[in-house]
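Student: Letter by letter, the chains look like this.
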Amino acid sequence: MDLATVIGLVAGVVLILWAIMSKAPISAFIDGGSVAIVLGGSVSAALISFPLNRLMGIGKVVKNCFFSKPLDPVDLIEDMVKYAEVARRDGILALENLTSEIKDPFVISGIQMAVDGTDPELIEGILMAELEAVEDRHAEGKALFDNIGKYAPAFGMVGTLIGLVIMLGNMGDDPGAIGGAMAVALLTTLYGSLIANLIALPLADKLGLRSREEMMSKMIVIKGVMAIQSGDNPRIVEQKLTTFLPHSLRQKGEDARAEAA
Amino acid sequence: MDLATVIGLVAGVVLILWAIMSKAPISAFIDGGSVAIVLGGSVSAALISFPLNRLMGIGKVVKNCFFSKPLDPVDLIEDMVKYAEVARRDGILALENLTSEIKDPFVISGIQMAVDGTDPELIEGILMAELEAVEDRHAEGKALFDNIGKYAPAFGMVGTLIGLVIMLGNMGDDPGAIGGAMAVALLTTLYGSLIANLIALPLADKLGLRSREEMMSKMIVIKGVMAIQSGDNPRIVEQKLTTFLPHSLRQKGEDARAEAA
Amino acid sequence: MDLATVIGLVAGVVLILWAIMSKAPISAFIDGGSVAIVLGGSVSAALISFPLNRLMGIGKVVKNCFFSKPLDPVDLIEDMVKYAEVARRDGILALENLTSEIKDPFVISGIQMAVDGTDPELIEGILMAELEAVEDRHAEGKALFDNIGKYAPAFGMVGTLIGLVIMLGNMGDDPGAIGGAMAVALLTTLYGSLIANLIALPLADKLGLRSREEMMSKMIVIKGVMAIQSGDNPRIVEQKLTTFLPHSLRQKGEDARAEAA
Amino acid sequence: MDLATVIGLVAGVVLILWAIMSKAPISAFIDGGSVAIVLGGSVSAALISFPLNRLMGIGKVVKNCFFSKPLDPVDLIEDMVKYAEVARRDGILALENLTSEIKDPFVISGIQMAVDGTDPELIEGILMAELEAVEDRHAEGKALFDNIGKYAPAFGMVGTLIGLVIMLGNMGDDPGAIGGAMAVALLTTLYGSLIANLIALPLADKLGLRSREEMMSKMIVIKGVMAIQSGDNPRIVEQKLTTFLPHSLRQKGEDARAEAA
Amino acid sequence: MDLATVIGLVAGVVLILWAIMSKAPISAFIDGGSVAIVLGGSVSAALISFPLNRLMGIGKVVKNCFFSKPLDPVDLIEDMVKYAEVARRDGILALENLTSEIKDPFVISGIQMAVDGTDPELIEGILMAELEAVEDRHAEGKALFDNIGKYAPAFGMVGTLIGLVIMLGNMGDDPGAIGGAMAVALLTTLYGSLIANLIALPLADKLGLRSREEMMSKMIVIKGVMAIQSGDNPRIVEQKLTTFLPHSLRQKGEDARAEAA
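Residue numbers (this note's numbering), protein chains in the order written: chain W, 1 to 261; chain V, 1 to 261; chain D, 1 to 261; chain H, 1 to 261; chain F, 1 to 261.
Hints in this document: simulated from the structure, not taken from any laboratory.
Check each hint, because a few of them may be wrong.
As the list claims (entries may be wrong) - Distance condition first, Cα-Cα at most 25 angstroms in a straight line; then the derived BS3-like pairs of lysine-lysine:
1) W:K150 - H:K150
2) F:K103 - F:K63
3) V:K63 - V:K103
4) F:K150 - H:K150
5) D:K103 - D:K63
6) W:K150 - W:K63
7) V:K223 - V:K103
8) F:K150 - W:K150
9) H:K82 - H:K103
Computed from a predicted structure; not experimentally measured.
For reference, chain W alone in the conformation it holds in the complex:
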């Protein structure tokens, strides 16, 4: 899993627990019914918002997105330049022998189509459509977390309103119990806010960034395959692809090449 995600989640939870426990017993902040309203309400809203089969599949998308290592764009460019050299030197058909060494299915399918002599426009069309399909799946995963980040605070407020109505209705019976009842009523708002701001919304942000990283990698592959097929000079291929890299990575790529030289 992405290291920063783990650190952030653990740090956030520890921090909140510490903030609570330094001043009050943690038990004052745990209330099963409140958890049920906020979590249950958010899950209900998600069930209504999304088709069942997608909710099932989203778990996998999210897991992939967090655990699978995206292709390193620097390595990817080096590979594409290498293929361009092979194609220039030995002809594009020589790439066929290399496809067995390639791991990423997206790269394989691109190179394979180039080797097959598929029409360049068709190759670009098919790869772009594949890229857009992956982007859509990521967007669905992000949408789920955004959805929870939207409904958890709402059901937090619903829970607090329910608690307040009960408390106000009983106010005549035992004025001394008001403080405790109101404390419990506020718990759902606290839960909703924590679920949204410590978990759902930051995860949605990261999913979005991860998706953009993977899109960048896929764009490098697409532009690389197009350049290789059109017989571009390997140096031009490198120049074209390097423009996709953020500066920091670009430096890294140059250092790596300097070392290799």
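Please build the complex by placing chains V, D, H and F on the supplied structure of chain W, with the hints as guidance.
Tutor: Using the frame of chain W, we list chains V, D, H and F on its own:
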């Protein structure tokens, strides 16, 4: 009806009822006047927002959207590939005999125009316009639910303000009644929040997703008809159309074909 | 006036009045100063936001938009098909005789330019510019209502803050008067919320929908004139234009034609 | 200055003062420290948000925008039609003599380039770039007011929180002073809300509208110069340019021409 | 560092401190636990939202953005005009000797490619891609500050809720301590609001403006290199590039040239 919608709605309602009834009689949460303000206000706002004839028609759009099963994109692609094979083998006119077997009117009209030798650009134009018209109708349905999701909380607040003004005006008369009056005043905010977050907004989300699914199916039909008319190789047709599928469905399609083989 | 708008406005006002009067005298909810702050503040903000001559003109735009009956798109298509038939049969110049029967100036100017043999691109350019100008005027009307819907709640809050500051400053003098003073302070928030959510925002929504309907009619005219001038077959003209219709209207059009046949 | 802006600002201020003074001495609403927090905080945020040299220049942009009279689009079209007539009758070089009569530098530079026989595409490019540059400057002015409209309420809340913390900390000392302290604490929220909703946000709205009006005038000049250079018939020039006018102005233009005839 | 940023930050902090200290000891506004919740929570959310290596790199991007002086667009245009003159007079290869005098690597790479006779379309493509990559990096820096501006108030509210729950739970024990406990509870909301509105959001705004300034400079370079390579007249080059300048700078450029003449 979509299963997840039913589960979500039932689960949400049961959950809220349980949360209330475990601590207080349900009667404390029912107030006819409060229901009238929130529901009546939202319906009034919807009547002002939308033309009458559309409000009437929206019920049908929504029903269709929830109950009608959208075309399975995997089956659809298989069908389009089959038509491409027939067109390649027996000529495009041979598709005329197949139109009687097709159920979806959108597919029929596309194939029929291809058989009639209509100009490809015109076919694409007409089918795209049809697609956009369907998209607009879905958007209208979604807009109604978004509208209710916007006005229900607003009239919830209006109701609470009315209740507070009444309560504060009577404060001198009977201080003991304040708690109860305020509890009732808060009910409209609770109703508004539940209508918006448990019903209207999640349903709007699902309508949006459903619409996108149907748009995807229609796009597959459009691209398929265009490919068939231009005499594409059935394998190319399949490759082009498969890119519209999410990965999970793509796998499913491949499994189905493997079994068939 | 649009029927749903009247029903919605009357129903909303009656409902709120009933909700108030069933529990308290209506006089407790009327306060001249509060009305002045909310209405006056919103009008002041609108005066600053918009140029004076536009504010003057907007009344007319809004009235037109609510009272003028937009062209029925089904009738419009029938007319355009009829013109296409005439043009095909008797030549495009024969349309000149028909322009005296046409009522809508937009249709007249389109047909007239086609008869004059104006360059198709120029016709489309002029009609599209006209369409965009109408769209802009509608958008200005909508912007005014959106503006009021934004500032009315803001000045409602300003009024409540003023009331609270006065009340808190006098708290020492007569603690018994707090309830009443706070009730009055809350009235501005109530007014602002009602003005926004019962009047301004729903009317803005409807103006937007009305505008889109009129744009649809104008698009039908533009596409129809272009098709007529290029000598399209009347059946093709009908097919092209029908795609602009929502399904319900499409059915209606087919029924009408079936009856006519 | 734009009349509606003055009326709106004066009316809003008078109204709020009257609302206050009819019920309490105005002194209860004036607190130097509160003004300092809200104004100072907003100015600080603006200083951080914008580069210093732009903040300096924005005053001028805003003044220009409010005080300079934009070219009347009706007069502008009449002028362009007149130039088109001259160009048709006496050749485009004859326009050179007219440039001394023209006041607006934008019109002069367009006509001059046409006279110089500059390539039409280059003329359009240069004038469009000028238009976009003016639009950017207006957008900067609008951004400043939007910025103040965003930060003033935020620092209003900051001030109220500071006031509440002080008040709550002293609560034990003198319970009778709570009312007054809280009244003062609320003043910053009131100030922030008034600065945003009575001044900053409406002025931002008007700046946006003013900018669009000037863009319309500039578009008329650009399209007019292009039409003149391509030797369009003056009637066609008028027809093309009139489509930029809102209907009300269009009528006015026709009346003016009718009178002139 | 940008002067306005320093002035704004110092002025804002001094102002808030003065507002506090004029009425209460500053110690009443300092609470380590509250700082920990707001800062810690925001940092945790940022860690979850962004990949670790980007968080590391963002510091550098931000520093560059604040401290590095962007190329003065007026000087830049003068330089590009000078290169255009050289290229016209001595041929484009003569620019090679000038590259050693140029400091900005972006200008060097553009001129170098022009000298090398690289295809104009490729030059534009490579420089535009570089520009977009820089824009993306700036957007990442801005996204971090926007992120903090979003989560700081959220964790401020979380802290206040925790404080309120603790306070309400202890209400029975010592009613006299309520004021102080509530004051402390409100501190986190105050901190969150200050972090967002005095630091994070204004800095995000300025980063956005800085980025746009740098984009303007880079666009001037790109358009200038394209014009030089196509052999444009130096006066045309100047005219084309000047349109990118805001008016104030344009005046300055003309003054500078007038002095030089």
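Student: Next, verify each hint and record whether it holds.
Tutor: Now the hints, each set against the structure:
1. W:K150 - H:K150: holds, 23 angstroms
2. F:K103 - F:K63: holds, 20 angstroms
3. V:K63 - V:K103: holds, 20 angstroms
4. F:K150 - H:K150: holds, 14 angstroms
5. D:K103 - D:K63: holds, 20 angstroms
6. W:K150 - W:K63: Within the cut-off at roughly 22 angstroms; holds.
7. V:K223 - V:K103: Roughly 18 angstroms between the alpha carbons, so the hint for V:K223 and V:K103 holds.
8. F:K150 - W:K150: Status holds; Cα separation ~14 angstroms.
9. H:K82 - H:K103: Judged against 25 angstroms, a Cα distance of about 15 angstroms means the pair holds.
This entry satisfies every hint, going by the numbered hints stated previously.
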